[in-house]
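A.B. asks: What follows is the residue order along each chain.
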Amino acid sequence: DIQLTQSPPFLSASVGDRVTLTCRASQGIRSSLAWYQQKSGKAPNLLIYGASTLQSGVPSRFSGSGSGTEFTLTITNLQPEDFATYYCQHLNSYPRTFGQGTKVEIK
Amino acid sequence: QVQLVESGGGVVQPGRSLRLACEASGFKFTSFSIHWVRQAPGKGLEWLSVISYDGRNKYYADSVKGRFMISRDNSKNTLYLEMTSLRADDTAVYHCAREGRFGELDYWGLGTLVIVSS
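So the protein sequences, as listed, match chains Y and E. In terms of the numbering used here, the first sequence is residues 1 to 107. In terms of the numbering used here, the second sequence is residues 108 to 225.
For the record, the hints were derived by calculation from the structure and aren't laboratory data.
Here are the computed lysine-lysine pairs in the DSS-like style, where the Cα-Cα straight-line distance is at most 25 Å:
{"hint": "1", "chain 1": "E", "residue 1": "150", "chain 2": "Y", "residue 2": "42"}
{"hint": "2", "chain 1": "E", "residue 1": "183", "chain 2": "E", "residue 2": "135"}
{"hint": "3", "chain 1": "E", "residue 1": "150", "chain 2": "Y", "residue 2": "103"}
Restraint-style ranges between C-beta atoms, simulated for each label pair:
{"hint": "4", "chain 1": "Y", "residue 1": "16", "chain 2": "E", "residue 2": "192", "range": "44 to 54 Å"}
{"hint": "5", "chain 1": "Y", "residue 1": "59", "chain 2": "E", "residue 2": "126", "range": "30 to 40 Å"}
{"hint": "6", "chain 1": "Y", "residue 1": "70", "chain 2": "E", "residue 2": "150", "range": "16 to 26 Å"}
{"hint": "7", "chain 1": "E", "residue 1": "169", "chain 2": "Y", "residue 2": "58", "range": "31 to 41 Å"}
{"hint": "8", "chain 1": "Y", "residue 1": "42", "chain 2": "E", "residue 2": "178", "range": "20 to 30 Å"}
{"hint": "9", "chain 1": "E", "residue 1": "225", "chain 2": "Y", "residue 2": "107", "range": "39 to 49 Å"}
{"hint": "10", "chain 1": "Y", "residue 1": "16", "chain 2": "E", "residue 2": "148", "range": "24 to 34 Å"}
{"hint": "11", "chain 1": "E", "residue 1": "220", "chain 2": "Y", "residue 2": "79", "range": "29 to 39 Å"}
{"hint": "12", "chain 1": "E", "residue 1": "192", "chain 2": "Y", "residue 2": "93", "range": "24 to 34 Å"}
{"hint": "13", "chain 1": "E", "residue 1": "174", "chain 2": "Y", "residue 2": "17", "range": "43 to 53 Å"}
{"hint": "14", "chain 1": "E", "residue 1": "196", "chain 2": "Y", "residue 2": "24", "range": "20 to 30 Å"}
The beta carbon of each residue, even a glycine, is placed where N, CA and C say it ideally should be.
Input sequences plus hints: build the corresponding full structure.
C.D. replies: So, in structure tokens, the structure goes:
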């Protein structure tokens, strides 16, 4: 099974900051990766798929990059509504595992 | 608009069974694979299972293989998760989610809470 490791587990940042979250896969998964945002008590929301394709309706301050085993989610000009937990998920095979998440908190 | 609404959660004793349902609307249900994902209290997301658009192909996480069974009734636009031999660590919010063109989970239900406790 493919394992995904997200870093850091927690990140403190301020409004207006640029933050980068990392997701590493235990084996190559080409560009078969998605990123989700989850706010407390809510269902996850798809941000990015195919490692870098922005889901319709998602603000352009979110961007994704990477392929193979290393992927990043970057949020530029962090907004108050962006404080949440972010998960990566590989789409390469089954089981479709998630990373353990990165919680972005207000500094 | 696309909607997925889960139901069937509740409090159940260890070792017992429970069936969850996910009713879909706003899209052509018969064209999409649908997944189950759960989240234990204070924990991350755990992928559980998927069923193909026609019900022929099913996959499971090791943690539920042999205990949970996914199915669908395309005439009712409804997905099911039959859960047996429930354990305390099955306590979680269970979400259904639609799979998009590239495998991503593009729409999610709000979830239904299952508590396994004596």
